[in-house]
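Trainee: Use the sequences and the hints to build the structure in full.
Keeping their order, the protein sequence lines are chains P and Y.
No gaps in the numbering here: position 570 of the first sequence is 570 in my numbering, and each next residue is one more.
No gaps in the numbering here: position 302 of the second sequence is 302 in my numbering, and each next residue is one more.
Don't read these hints as lab results, they were simulated from the structure.
Some hints here could point you the wrong way.
Unchecked claim - SDA-like, lysine to any residue: derived pairs with alpha carbons at most 20 Å apart: (1) Y:K322 - P:I181; (2) P:K322 - Y:P6; (3) Y:K186 - Y:R196.
To be verified - Stretch-level coverage of chain P by chain Y, calculated; a stretch enters the list once three of its residues show a Cβ under 8 Å from a Cβ in chain Y: (4) 139-149; (5) 169-178; (6) 193-200; (7) 320-334; (8) 487-501.
Keep in mind it's a predicted model, so treat the numbers as computed, not measured.
Cβ atoms here follow ideal geometry from the backbone N, Cα and C, with glycine treated the same way.
Letter by letter, the chains look like this.
Number of protein chains: 2
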Amino acid sequence: MPHDNPATCRVLFQPSGLKTEVPRGATILEAARRAGVYLTSICGGDGVCGKCKIMVNEGEADAPPTTLLSQKEIREGIVLACQARVRSDLVVTVPRSHTLDTGRILVDSDAHRFSEMAGEDVGQGAFPFDPLVRKLHLTMSPPNEQDQLADHERLYLAIRKQYDAPHMQTGFRILQQLPAILQEAKYDATAIVAQRGDVAEVVDVEPGDTSGCNHAVVVDVGTTTVVAHLVDLASATTVDAEATYNSQMHFGDDYIRRIMYAEEHDAFDEMQHRIVSDVNDLIQTIAMRQGIELGCIASVICAGNTAMIHFLLRLDPRRIRKSPYVPTAGWIPPIRAAEAGIRINKRGLLYCLPAVGAYVGSDIVAGVLATRLDEAEGLSLFIDIGTNGEIVLAGEEWMICASSSAGPAFEGSGVKHGMRAAPGAIERVTAREDGHLAWRTIGDEPPRGLCGSGLLDCLAAMLEAGVIDRTGRFTNPEDPRLREGPDGLEFTVVPARDDREPIVITQADVANLIRSKAGVHAAIEILMQTTGTEADTLASVYVAGGFGNYLDVTSAVTVGLLPDLPAERIHFVGNASIGGAKMAIMSRQALAKAEELAGRMTYFDLMNHPDYMDAFTQANFLPHTDIARFPSVRERLAGTDAGS
Amino acid sequence: MPHDNPATCRVLFQPSGLKTEVPRGATILEAARRAGVYLTSICGGDGVCGKCKIMVNEGEADAPPTTLLSQKEIREGIVLACQARVRSDLVVTVPRSHTLDTGRILVDSDAHRFSEMAGEDVGQGAFPFDPLVRKLHLTMSPPNEQDQLADHERLYLAIRKQYDAPHMQTGFRILQQLPAILQEAKYDATAIVAQRGDVAEVVDVEPGDTSGCNHAVVVDVGTTTVVAHLVDLASATTVDAEATYNSQMHFGDDYIRRIMYAEEHDAFDEMQHRIVSDVNDLIQTIAMRQGIELGCIASVICAGNTAMIHFLLRLDPRRIRKSPYVPTAGWIPPIRAAEAGIRINKRGLLYCLPAVGAYVGSDIVAGVLATRLDEAEGLSLFIDIGTNGEIVLAGEEWMICASSSAGPAFEGSGVKHGMRAAPGAIERVTAREDGHLAWRTIGDEPPRGLCGSGLLDCLAAMLEAGVIDRTGRFTNPEDPRLREGPDGLEFTVVPARDDREPIVITQADVANLIRSKAGVHAAIEILMQTTGTEADTLASVYVAGGFGNYLDVTSAVTVGLLPDLPAERIHFVGNASIGGAKMAIMSRQALAKAEELAGRMTYFDLMNHPDYMDAFTQANFLPHTDIARFPSVRERLAGTDAGS
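Mentor: Take a look at the structure:
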């Protein structure tokens, strides 16, 4: 018996040929980690993301039932690596697609956008290319009896020949190792020099010329989604990107609930551990995919809402949720990334963009930086729609900002077939003449669900097609586009095909989406009302958020998310948090500007505003109780049931 | 038997009443440390300094023979605590004198000198009082819903109301603890703010007003002697001082031997441990004596020769002794004192003054700063005589410096009855009309030996009295002032009295002292020759060193240590290394000036100069082979045997 049922099993991964042994009963995901095979696992092994599909070619693996695999896949021997347990020696095949494509597709389109707007073109744009971290290749003459300059001063002199650094500092451990490094390298070495405010710190010194390998990770630490981009600071380009759900989601959808949970269960360490692990997983994924050693990543820059940044750094976030609603810090000095548990070069630095306050975080400051809202002519508006909706209204001399709770519906959470913007997500939906819908997925992959932009398009299309009325209710239970599903009536976006379930939108989904857009719209309305601004005087509206790579402005206006303005005044800017943070890591001047902006933005407390709830209630219609505010929508809906 | 001979013994210390238990056989010094009773122990427990005298009132302690106690003391039950081993339960009495007086006497006179010259009067002198470390008492209004500034920014705002700090930084651990500290303290707190270059770092935040307690330790890390002063930065005064022999002396008298030893025995850690322990012992001694907690000491500033600073910080000193003779660092950034093992406030900083190079250390830069040599009119000379003799010659536009190996004779080492400048040291010797000598000791204590200034006076007096000739040889073995001692002929300075041995100078001592002064004089000569300077054009000569609190300029000229100049042009400035370091900790501008000076001082390599050995040989006379260079000495010696 023990012979047939060994305590440890061998697992061979194809096509890499990597092998390992694991205890019988371990998951294939564990085996993969041990073997050094990277499998995408967005949900962290909870069996809910369906990303870690793997094919079992030989041997036996127990896999529990799942709806994430089609019957065809199951027949082919495909299992979820995080769920399937090793029962015997195995030979498994890792599909090429999911080790590579996921990230690559997102990057290509994303990098494209940021090359137009911020990121790598920082040098041609508003700010000079002047990165926070430089790798300087130094060829020094070795000391001799005619030139007895100390190693440390010799290093400084060589650095200053290439880089204007009036104030310098050296890590003590580096100073201790310096003679050995320089002598071994025959005084041909590379210094990693990182700015801490006005001081340039020699973070590390490496033998030879490693200046070509200077990477930074740019992270948007969102409540629902965590996104990381890898930037090559040597060539000023974005190399790769990856995203994952924030694994704190187990403890609550929004950050207020998570702070409460952490406080009740003394779980601040656990909260930090989760988000730091998410960031580390993203970094490791990208580094492995690109074949880059962690030592080559000398900096991380983070933007995010204030609570997330507090969790990440284990700063006390408790008074963010209770009076007087203050953070521990809005401005956070650069620290060693290792101090926060983030694994890059062990002496590398972690930068955080500055926040305005408890409810307007560094992600919003990054967005204002990326869109250069402070330099826009006339009135302009910046809207970032994530789990919260933050709004910045800028005049030529002032900037006022506010936050509303949007909920994570547009990030694909709390919606039955919602998903984040990843391959297979339906990102665009249009009504065909036959009344049915046409759709397009990210990466042209088979559809797996709907991301934010797709959901918004659906909502607009359903309204225009009369499937729902302006309150969001299904108008006619007998409508052939509807069907009775397990959660009541549902609208079919993608019919069942092969062995796959149909992709649908339920009545509850519609209500969630309307609530989300209403929160944002009400915030815009109160901010404009308070500043005496009329919607049609807005010269520019910038919309940022995790909708995906694309947002249909007409749909956003149709459902009443955005004010009814000519389409050319509305600009979708994608993940502006990443965009602004990327500008800051690439330009000291951009970081300095971000600090100035954070100081100039005035926070406006919506929640205590007497009219906010009214405005929210009125916005709980499509597009709004008062359709006269949306003349273009009224026109489009004329003749439909909704228009009446 | 075991009953009469217990494995552990109790020791009660009077008058404090502190008790402890130690294993039988432990020394009383160990028992004192365990009980928290501080006993002065300059030699670190080697039984050579005679400082740790203690009286055994009850019980039995084994003490080996020693010449450091008089028979009267032995009869009274006095033992050396470092040598006496506990054999039974003991009651011992700690004499009041040696826990208190030692330091106090040195301080009083020393503080006096520095209040005239540098240190506390830095504010009235060349530099404004602007200490590197400040404790700022901050009374902040707690946040409320109308004032939601983050704790960190609130702290910065409060600091900037009192202190001009455009660039600030906060330690990450402090940031994490900040909300708890501020809330507990009801926003009434004290920030310790330390300059790191242009950046003001918030080193710590303490509840309430602790601004009155802001101490710094100023350390001169010498090859033979380590001196520490405690400075109260709140009141800008020197509070106390203490000195000890460098316990690396076991590994060689000079730093070149110690580097060789460390290299051969891989003993760099041990070297660091020794010197760090010396510094920690000094700090602890002073802190206990003054009743100051280590947490109140937020900074340490060190000056010393380059090798000592390298040992202290565990920087590689190996190429200081071999070609190309370069240090690891001349300029050392501020680090956390704890990183080097120095025990003060656990987040406190360690500053080092900058050095010129391998052989001209930060002690010399400190001396140039203290004497403001760079601002002197005309030609001036700075001489620091320690284990090495360093010389700086300054014109109005230039400064050139050199180092010669003087040997530790003037610090009391390598001379039979030499000792460092401590209570009981004969610091001044004059010839009486009867041909015998009059002397004065530090603290007017019974004489225990001769410090540098006393030795110099003796040498001059012996020459003038014809006891020695100009080669240093005893002229007449029958001279009644000489006697045959265990080491050959010796000159009696203090005859035997009570049970004490006489204090004498041997023929070998004379030779050692002449070699020391010859090294220094030859260095001066070569430097002046190289720059085409005549001795009589020197407007000022500043002499620094561990001679004691006093130096007789005429004696120094008589033996040929200094050029023959009018006495009013020669200034004895004591421990200028401590003086300059004290200026730097009290004034950012002084530290900046030190950095500028270190950059401006040109190192001149004496050892490879073809004429140096000749000059040294010629200086191996009293005052010199060519007495014509010393007209005043020739005149004084006229009519004596030596003058012929």
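Trainee: Against this structure, judge whether each hint is valid.
Mentor: Each hint tested on the structure:
no.: 1; hint: Y:K322 - P:I181; verdict: holds (18 Å)
no.: 2; hint: P:K322 - Y:P6; verdict: violated (63 Å)
no.: 3; hint: Y:K186 - Y:R196; verdict: violated (29 Å)
no.: 4; hint: 139-149; verdict: holds (count 7)
no.: 5; hint: 169-178; verdict: holds (count 6)
no.: 6; hint: 193-200; verdict: holds (count 4)
no.: 7; hint: 320-334; verdict: holds (count 11)
no.: 8; hint: 487-501; verdict: violated (count 0)
In terms of the numbered hints stated before, the structure departs from hints 2, 3, 8, listed from lowest to highest.
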